[in-house]
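Protein chains in written order, with the working numbering: chain A, 11 to 297; chain B, 4 to 291.
What the hints contain is simulated information worked out from the structure, not anything from laboratory work.
Do not rely on the hints blindly, as some may be mistaken.
[What the hints assert, rightly or not] Restricting the straight-line Cα-Cα distance to at most 20 Å, the calculated cross-link-like pairs of lysine to any residue (SDA-like) are:
{"hint": "1", "chain 1": "B", "residue 1": "K25", "chain 2": "A", "residue 2": "A296"}
{"hint": "2", "chain 1": "B", "residue 1": "K79", "chain 2": "A", "residue 2": "K62"}
{"hint": "3", "chain 1": "B", "residue 1": "K25", "chain 2": "B", "residue 2": "A9"}
{"hint": "4", "chain 1": "A", "residue 1": "K62", "chain 2": "B", "residue 2": "R138"}
{"hint": "5", "chain 1": "B", "residue 1": "K79", "chain 2": "B", "residue 2": "R138"}
{"hint": "6", "chain 1": "B", "residue 1": "K79", "chain 2": "A", "residue 2": "A296"}
{"hint": "7", "chain 1": "B", "residue 1": "K25", "chain 2": "B", "residue 2": "T15"}
{"hint": "8", "chain 1": "B", "residue 1": "K79", "chain 2": "A", "residue 2": "V48"}
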Amino acid sequence: MSAVPVAPHPASAESVPPDQRFALLLTPPPPRTGWRVVPARVTAMCVVELQKLRHDRTEIYTRAVQPALWLLIFGVTFSRIHAIPTGGVPYLDFLAPGIIAQSAMFIAIFYGIMIIWERDSGVLTKLMVTPTPRTALVTGKAFAAGVKAVIQAAVVIVIAALIGVGMTWNPLRLLGVVVVVLLASAFFSCLSMSIAGIVLTRDRLMGIGQAITMPLFFASNALYPVALMPGWLQAVSRVNPLSYQVDALRGLLIGTQAHLGLDLAVLAFAALAGIVAAGSLLGRLAR
Amino acid sequence: MTTQTAPALNCTGLSYSFGDAKVVDGLDLLVGQGEVFGLLGPNGAGKTTTMRAITTLLPVPPGVIEVFGHDAARQKMAVRRLLGYVPQQLSADASLTGRENVQLFARVFDVPRRQRAARVSQALDAVGLGDVAHRLAATYSGGMVRRLELAQALVSAPRLMILDEPTIGLDPIARDSVWERITEIRVAAGMTVLVTTHSMDEADQRCDRLALMHLGRLRALGTPAQLKNELVAHRRESGETGLPPPSLEDVFRHHSGAGLNDPGSGSDEGKGAFRDVRRTRRTASRLG
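Work the whole structure out from these sequences, hints included.
Now the structure itself:
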């Protein structure tokens, strides 16, 4: 055991009256406990994400290019070919929800890179020393990714509307779109954060991110109906959360027959499982 | 023992290994309330691992670390509420304003909404950034970023401020400015400060007591004057005469210099050593 401490520095606070300029900094804030912790942390992380987007909107514009190209080139061309049976729905209309889901997924799937950047810059370490349980921190980050994805989805919806995709403007259905995009983005960002917790470096995560995004996209119903896929791909599509996201978005935006209850249940379960997995792996990033 | 009377930090037999490399080996530390306590040691001595264990970032067994009487293994949230932490890296978010950076920490420490704006302003004023709080942190100088990080840590009224090389890479004026703020706030708030530094001048001038670590173990402990006097006594016993009075740097060399290049020591070859050096250089380079 180290020796008994000497008397504190002569300038210590016990002997000096507190400075009124710092009056509020002398009392710790009352701790928030129980169920209120997670919503508070989610709000904090989402606010930060919105503040960053307010200062720099470049990412919103640059990220809009790729979905715009999918709709304008791929979508318009395949509409003319009439090669994909879509049950009477114009192909561009069929494709638009798939591209919204894809662009939201792309944002979320690379969120782990941001976590590794935050680890390297000390931001994550500092957040992990706050009274925030790991799962609450991951949930906050997951929904912050969701906020970004919702804004991206809104941009793609506007582009789709401009090129003539017939979508609903029913506020309740649009609210449903927000919920679906949030849940799916929460899952994909947690998947990314979990991989970050395993591979620990940006380069490895970039490689894995690129390796899984296109298979996830092609093994879903985003570009074509599941019925057209070979059997093995249909099996992959059934366990791919992106398929459930696209199905829900199609039902909500285009009005096709969807299994909204199942879609939401699968996405909620996937998000929850993702949060648990990422929360348990987050500590590895701090070591 | 209550929170009011318990030592700020009581560390008993802390050991930590990365794989086969033991980076902290049976460390005992007792830091009294209101002290400025310096943790010194060469790269790979185990300082950062010790800091990480104290800040609950690394898992430790129950009963090893207590912060104001709260067990760091069993009462993590309670411990974290007592801590203010400024890591070695420049950890302020450059894409947010100074105020937004502090607001984030006010939110995650549950500062009530009605009090948040005023508390954030006080924290920014306390570090002299009130007038530039609206600017993006990306536009701040190195010293300003460090002060912003102090404001982030201060907004929750911590009782133990942990500073991991707070002045690394700063010019002497910025360094003084950062320490002046730390001292001013410590005086007002009665905080305990635990700091690591490689600057022996800083340790000599600013710390009440020092612990010198090497190869994961505590090698010396005391006030700067005590450590220097011990070296004088050692020199006298070993017949070294005609030397000028020792500086803290001499004390540092005496306790750790002999083992710095020991290839069998394992410490500098430890898992975290390369990362620590890279982080230090990155921070210094970002501060310009």
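Agreement of B:K79 and B:R138 with the hint, judged by alpha carbon distance not exceeding 20 Å
violated, 34 Å
Hey, A:K62 versus B:R138, does the alpha-carbon distance stay inside 20 Å?
holds, 13 Å
Given the hint that B:K79 pairs with A:V48, does the C-alpha gap stay at or below 20 Å?
Satisfied, since the Cα-Cα distance of roughly 17 Å is no more than 20 Å.
Given the hinted pair B:K79 and A:A296, is their alpha-carbon gap at most 20 Å?
The given pair, whose Cα atoms are some 15 Å apart, holds under the 20 Å limit.
Hint consistency between B:K79 and A:K62 [alpha-carbon to alpha-carbon, up to 20 Å]
violated, 30 Å
Proposed proximity, A:A296 with B:K25 (alpha carbon, max 20 Å)
Distance ~18 Å between B:K25 and A:A296 Cα, so the pair holds.
When you check the alpha-carbon spacing of B:K25 and B:T15, does it fall within 20 Å?
holds, 16 Å
Quick one, are B:K25 and B:A9 close enough, alpha carbons at most 20 Å?
violated, 29 Å
Of the numbered hints listed earlier, those contradicted by the structure are 2, 3 and 5.
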